[in-house]
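Trainee: Each chain, written out:
Protein chains: 2
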Amino acid sequence: MNRETLFQNILSKQSFLCVGLDTDFNRIPTHLLDMDDPVFEFNKRIIDATHDLCVAYKPNIAFYEASGAKGWESLRKTLEYIPESQFTIADAKRGDIGNTSRLYAKAFFETLNFDAVTVAPYMGVDSVAPFLEFENKTVILLALTSNKGSNDFQLEIQKEFEKPLYEKVMRKAQQWGNLDNLMFVVGATHPEKFEEIRQIAPYNFLLVPGIGAQGGDLERVAKYGMNDHCGLIVNSSRGIIFAGEGEDFAEKARAAALSIQRQMAQILVSSNLIKVHQV
Amino acid sequence: MNRETLFQNILSKQSFLCVGLDTDFNRIPTHLLDMDDPVFEFNKRIIDATHDLCVAYKPNIAFYEASGAKGWESLRKTLEYIPESQFTIADAKRGDIGNTSRLYAKAFFETLNFDAVTVAPYMGVDSVAPFLEFENKTVILLALTSNKGSNDFQLEIQKEFEKPLYEKVMRKAQQWGNLDNLMFVVGATHPEKFEEIRQIAPYNFLLVPGIGAQGGDLERVAKYGMNDHCGLIVNSSRGIIFAGEGEDFAEKARAAALSIQRQMAQILVSSNLIKVHQV
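Listed in order, the protein sequences are those of chains A and B. Using the working numbering, the first residue of the first sequence is number 1, and each one after it goes up by one. Using the working numbering, the first residue of the second sequence is number 1, and each one after it goes up by one.
Just so you know, these hints were derived from the structure itself, not from any lab. Hints are supplied without guarantee of correctness; some may be wrong.
Pairs involving identical chains hold if they fit within one copy or between any two copies, as the list cannot separate such chains.
As the list claims (entries may be wrong) - List time: in silico DSBU-like cross-link candidates among lysine-lysine, alpha-carbon distance up to 35 Å:
(1) K223 with K70
(2) K159 with K13
(3) K13 with K252
(4) K275 with K13
(5) K275 with K193
(6) K44 with K252
(7) K172 with K44
Source: prediction; values computed, not measured.
Isolated chain A (complex conformation):
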C-alpha cells in the first residue's frame, strides 16, 4: 500500500488508528480456550469488531513466536483474515547482515504478505536496504522508541553530528528510502519531540506506539506530529484488545477503539484535513 492510498483510507474512515494484535495467550478469555486455535479465534473477533474504526493492524511477532510453529500458523491465518484495505504491519524489529535481512524481508513480505515491517537500525545500511527493495512494501525504522530504554542510546548526542543518535538514524535512512517505502517509529511517550521530528522528516509517516497502557497523549502527538497527509498511524494494543476479559471482550474492544476513533475524527476535522480533501 502506498502513502496516498493510506491517506485516502484515513480520510474515509476518519481514523489513523492501528490496532495492535499483541495477543497474549494468558489473557485470552476462557470461553475461547477450548477452540482449535484460540489465538486466531481471538484475533478474528477483534478484527470483526474493529475493522471499520482503524486503518491498520499490527501483530507484534513476539506474541506468536513464543508458541513456535503453532504461533506462526495463528499469525498466518490472522493475516489472511485481515481485510485487504487494511495496512498490515509486522512489528518484528528485525535487522541483520544483508543476505540475512533479505530472508527476514521474504518472511514478512512474501511468506506472510505484510505491507510493512518494523526494522532496527543498529546494524546500518545493509541491514535495512534489503527490506526497501521489495515493491509496494514499507520499512518502518525504529527512531525514538516509547520505552524507558530509549534514553540509553537513542538520545545520546553524537560528537561531530551534534544531534542525538535517533536524528542521525532518521537523516541517514531518508537517503536510503523514499516517502512510500520508509516510515519511522516514534513513541507517544516523547510528545515534546514531535516538533523537532517533523523538521527532520516532514513528510514520512510515523508509526506511534505508546498511547494507552504506556501513557502517551494523543492530542499532543497530533498537534505536533501531523502533516498534510496526516502522517501518523497511532497504535493501541492492550488498551483495545484487552479492554474486556469476558465473553463480551469484542464489544469492549470495539468501544475502546470507537472512543479513540472519535477523538481522531475530531482531530482530523479541527486540523482541516477532512474538509480540505473532501471538497
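Using the hints, position chain B against chain A.
Mentor: Relative to the frame of chain A, chain B by itself:
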C-alpha cells in the same frame, strides 16, 4: 551453560568453533529435497559430521522464519538433535519493549530451549534485561557487527562519552549482566579493534562472526581477542555448511570444519591455554 563449562569444552575439544546453521533452502543438495523436511535432514547430517570439532551451533533464525511455521518446526527438530554438550545460540537479533522482549526470551529459552540468543541494543535496558532474567541462559549483545553498515552508527563517537556507540553499549551492558549471562558480538572484520575491546570487556566471551565468506582473519582475532578463558566463540556458516554441493556435502563440511579446528588447536597451544589447564 555457564562460562566455566564452555571453557572446559573448548579445552577438551581444542576448538572454539561455532558452526552457523544458516540453512538456505536454495542451497540444499538436490538429493535431500524429496525428503519430508529437507532443512532438518541437511542440518542433521551437518551436525553428525561436525559435532566433535565445534563447541557451539548457531542457527540464524531468518533462514527458518522465511518458511513460516514449517521453518519453525525444522528449527525445533534441529535444536532437539544437537547434542547436550553443545552451546546453542539463536541468532535472532531481537529486542523490544520489556513485556515483549520477555516473550522473545520465552520463545528462544523455553519453547526452543536455546542456551543463548543474540539481542540488538538500540532500545536500551528494558529491551535487554528480560533476557538476562532467565537462569543459566546467555544474552549475546550486538556490539560491533561484521557488516559494512557497522560504520553507520556503531562507530560514531558520542559527544560526552567521547567514545564510539559500540563502546557505550558494551560498558552499559556490563552493568546489566555478568560474565555468565552476557557476551558480545564483535565481527572478525574489525580485527584492529579487538585490543581496544579487550580493554572494555576483558572477561566476557565474544561471539565472532565474519571469518570465511565475510573475509575476517582468525589469527589476528585470536591474537588480540583471546583471554584466560579463551573468551572467543568464532563462527563460520557458509564456509562450512556449503563447502560442498553434492551428495558428499557433509564430508566437505567436516573437512572445512576440521581445517579451522586444527588452526584453533594450534592457537590454543601457542597461547598456553591447553597446556596450563591440562596439567
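Trainee: Now tell me, hint by hint, if it's right for this structure.
Mentor: Here's how the hints hold up against the structure:
1. K223 with K70: neither (42 Å within a copy, 45 Å between copies)
2. K159 with K13: neither (45 Å within a copy, 45 Å between copies)
3. K13 with K252: within (20 Å within a copy, 59 Å between copies)
4. K275 with K13: Close inside one copy (13 Å), not across copies (73 Å); limit 35 Å.
5. K275 with K193: within (28 Å within a copy, 58 Å between copies)
6. K44 with K252: within (15 Å within a copy, 49 Å between copies)
7. K172 with K44: neither (39 Å within a copy, 42 Å between copies)
Hints 1, 2, 7 from the list above are not met by this structure, while the remaining hints are.
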